[in-house]
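*Asks:* Below are the chains, spelled out letter by letter.
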Amino acid sequence: MAQSGFINYFRNIYEAAVSIAKGMRITLKTFFSKPVTVQYPEENPAFTAEEFSRLYSGPLKPLSGRYRGFLTVQMDICTACEACARACPIACIAIEHVKGERTKVKSRLDAKETPKLRYATKFDIDIGKCMYCGLCVEPCPTGAIYFTRTFEGASYDPGELILHFVNEEEANRLKEIARKLEEDTKKADDKGAM
Amino acid sequence: MKEFADIIRNALPVFKSIPDALYYGIWMLLVAGALLGVVSVIAGITSWVERRVAGRMMSRFGPNRVGPQGSLQWIADGIKCLLKEDLIPALADKPLFRLAPYIVFAGMFATWVVFPFSKKIIVADLNIGILYVLAVSSLVVIGILMAGWASNNKWSLLGAMRAVAQIVSYEVPSVLAVLSVVLVSGTLSMQGIVEHQRGGSGVLRWNIFHDPFLFIAFFVFFIAQIAEGNRTPFDLPEAESELVAGYSTEYSGMRFVMFYFAEWANLFVIGAVSSTLFFGGWEGPFIAGIHWFILKSCFFVFLLMWIRWTLPRLRVDQLMTLSWKYLTPFAFVCLVGAAAWILFLPDRYFMGMLK
Numbered sequence: 014m015a016q017s018g019f020i021n022y023f024r025n026i027y028e029a030a031v032s033i034a035k036g037m038r039i040t041l042k043t044f045f046s047k048p049v050t051v052q053y054p055e056e057n058p059a060f061t062a063e064e065f066s067r068l069y070s071g072p073l074k075p076l077s078g079r080y081r082g083f084l085t086v087q088m089d090i091c092t093a094c095e096a097c098a099r100a101c102p103i104a105c106i107a108i109e110h111v112k113g114e115r116t117k118v119k120s121r122l123d124a125k126e127t128p129k130l131r132y133a134t135k136f137d138i139d140i141g142k143c144m145y146c147g148l149c150v151e152p153c154p155t156g157a158i159y160f161t162r163t164f165e166g167a168s169y170d171p172g173e174l175i176l177h178f179v180n181e182e183e184a185n186r187l188k189e190i191a192r193k194l195e196e197d198t199k200k201a202d203d204k205g206a207m
Numbered sequence: 052m053k054e055f056a057d058i059i060r061n062a063l064p065v066f067k068s069i070p071d072a073l074y075y076g077i078w079m080l081l082v083a084g085a086l087l088g089v090v091s092v093i094a095g096i097t098s099w100v101e102r103r104v105a106g107r108m109m110s111r112f113g114p115n116r117v118g119p120q121g122s123l124q125w126i127a128d129g130i131k132c133l134l135k136e137d138l139i140p141a142l143a144d145k146p147l148f149r150l151a152p153y154i155v156f157a158g159m160f161a162t163w164v165v166f167p168f169s170k171k172i173i174v175a176d177l178n179i180g181i182l183y184v185l186a187v188s189s190l191v192v193i194g195i196l197m198a199g200w201a202s203n204n205k206w207s208l209l210g211a212m213r214a215v216a217q218i219v220s221y222e223v224p225s226v227l228a229v230l231s232v233v234l235v236s237g238t239l240s241m242q243g244i245v246e247h248q249r250g251g252s253g254v255l256r257w258n259i260f261h262d263p264f265l266f267i268a269f270f271v272f273f274i275a276q277i278a279e280g281n282r283t284p285f286d287l288p289e290a291e292s293e294l295v296a297g298y299s300t301e302y303s304g305m306r307f308v309m310f311y312f313a314e315w316a317n318l319f320v321i322g323a324v325s326s327t328l329f330f331g332g333w334e335g336p337f338i339a340g341i342h343w344f345i346l347k348s349c350f351f352v353f354l355l356m357w358i359r360w361t362l363p364r365l366r367v368d369q370l371m372t373l374s375w376k377y378l379t380p381f382a383f384v385c386l387v388g389a390a391a392w393i394l395f396l397p398d399r400y401f402m403g404m405l406k
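Protein chains in written order, with my numbering: chain D, 14 to 207; chain W, 52 to 406.
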């Protein structure tokens, strides 16, 4: 220290006063700004942007539309092609299917028509295993499988984390239709053979 | 309050037959009870306000669930602490351990006696008012040391030792700063100090504007008071990152609350003493009265919270340096300066600009 102690003494006081004032200015600014906290159960970041901005006035934004929450499947346009199950690196998608009426379904994304002749009787996604990589979403020809913005799925039972997209009733109905179709084709085949 | 008691006694003949000792004794109990109620409510509300202020200063909400804006949080916390188990360590000095929180609280509570809330509202206008405040608030030191010693715990004892060293060191600049006010006012009475700051020029008569020495004395006094109240940035006795909770480590339940009760009420005490000595007490523009006293004190309470949530804690050596190398010399300069001022410029005030 080249300076004399006396000058240093007053410089210390000056610097203390200035730095305290600086710090107190910052805290006062924060004091008058809006809190950042999202009051979670009431203000859910998964809400739509309008609803979220109605409830919450801070600087944070709701979840992006591309947020990868739980997977969901729109069963009426699913062609049970199993492209998603094959794409899944950890095999958390399980699909079983039967043949059904030949129809055409419109893609969710670009309204392009795709023929549909297979119907899933089981479409389970183990969301506990899912790592939200999005590889299943990409190959889907109709955009039936996609991410939602839901993220609340805590459970005491790991079994509850397996999402079933086809219920038993529906599966039985489809199996029945498939059985009838098979019988019909068999009859037709028999006739043709004769 | 004695005048008020006399007025009632003279007005109602029923009271005249009661002996003096009994009448005034009951009266004292009533006033003390009322004051205790006020202090409790102020301490409780301060605890909630402090947490709210702390929250906002950190960009969060603070307690906002119990009652509107969380305003009943302090009642919920009080009830919770009342219901908690009151633990006493097996190796503690039990009588001292039990007694300590109440001594701390009593030391803080007794200072309220001389606060001039307004011209009429004062429990007792002692002619040694400010000396009484300084003397009685020193009782807190004994309580804290008692708590630290009786806990039979290293953290507690270290915290208590630090508290005592700190409070004793900061008593010096604090008292010297008060002394310069007393020199200018010519009285020790709290009412007398306020009366001295009254006059035609209103705000300009306040002691803080009286002369440059009193202006500095205020900052010396205020810093010393923060340190005596064990508030951040001088919260070494409780330094949670070093000493768990300092002298209150072993306390639980209601006894623990007593310490914090005293600390929160002490915020208002600091505010009240500061506003009485330097900011004209209940005197203020438009109508003088209790509202000005409360307003000024609340401003200081906010200022203390603001400082607390801004500044980091000092080191022990820095603490002592600040007291002995900075505050004490300045307090001496202020004392001598104020004495010279009243010798050479006896009737001038507002930095010597007005007469």
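Keep in mind that the hints were calculated from the coordinates and are not lab data.
Idealized CB from N, CA, C, for every residue including glycine.
Fair warning: there could be bad hints in the mix.
[Said to hold, decoys possible] Covered stretches of chain W (in silico footprint by chain D; criterion: 3 or more residues with CB under 8 angstroms from a CB of chain D, positions within the stretch not fixed):
id, segment
1, 191-205
2, 354-367
[Unchecked claim] To list a few chain W residues with every Cβ distance to chain D over 10 angstroms, as calculated:
id, residue
3, L80
4, V82
5, L87
6, Q120
7, P140
8, L142
9, V174
10, L209
11, L255
12, G304
13, Y311
14, P336
15, K376
16, T379
17, G388
*Asks:* Next, verify each hint and record whether it holds.
*Replies:* Hints versus structure:
Counting residues of the segment 191-205 of chain W whose C-beta lies closer than 8 angstroms to any C-beta of chain D gives 0; at least three are required, and the coverage claim is violated. Counting residues of the segment 354-367 of chain W whose CB lies closer than 8 angstroms to any CB of chain D gives 5, so the stated coverage by that chain holds, three being the minimum. For W:L80, the requirement that its beta carbon stay farther than 10 angstroms from each beta carbon of chain D is met, with the minimum near 42 angstroms. Look at W:V82: its CB is around 37 angstroms from the nearest CB on chain D, clear of 10 angstroms, so calling it non-interface holds up.
The claim that W:L87 lies off the interface holds: its Cβ sits roughly 32 angstroms from the closest Cβ of chain D, which is beyond the 10 angstroms cut-off. The non-interface label for W:Q120 is consistent with chain D: the shortest C-beta to C-beta separation is roughly 12 angstroms, beyond 10 angstroms. For W:P140, the requirement that its beta carbon stay farther than 10 angstroms from each beta carbon of chain D is met, with the minimum near 38 angstroms. For W:L142, the shortest C-beta to C-beta distance to chain D comes to about 42 angstroms, beyond the 10 angstroms cut-off, and the non-interface label holds.
The claim that W:V174 is not at the interface with chain D holds, since no C-beta of that chain comes within 10 angstroms of its own (minimum 35 angstroms). No Cβ of chain D comes within 10 angstroms of the Cβ of W:L209; the nearest lies about 27 angstroms off, and the non-interface call holds. Every Cβ of chain D is farther than 10 angstroms from the Cβ of W:L255; the closest lies at roughly 24 angstroms, confirming the non-interface assignment. A cut-off of 10 angstroms between C-beta atoms confirms that W:G304 is not in contact with chain D; the least separation is 31 angstroms.
With a closest Cβ-Cβ approach of about 22 angstroms to chain D, W:Y311 is found to remain outside the 10 angstroms limit, as its non-interface label requires. For W:P336, the non-interface assignment is confirmed: its Cβ lies about 24 angstroms from the closest Cβ of chain D, beyond the 10 angstroms cut-off. Taking the minimum C-beta to C-beta distance to chain D, about 8 angstroms, the non-interface status of W:K376 is violated against the 10 angstroms cut. W:T379, annotated as away from the interface, keeps every beta carbon of chain D farther than 10 angstroms; the closest lies near 13 angstroms.
The beta carbon of W:G388 sits about 17 angstroms from the closest Cβ of chain D, which is more than 10 angstroms, so the claim that it is off the interface holds.
Hints 1 and 15 from the list above are not met by this structure, while the remaining hints are.
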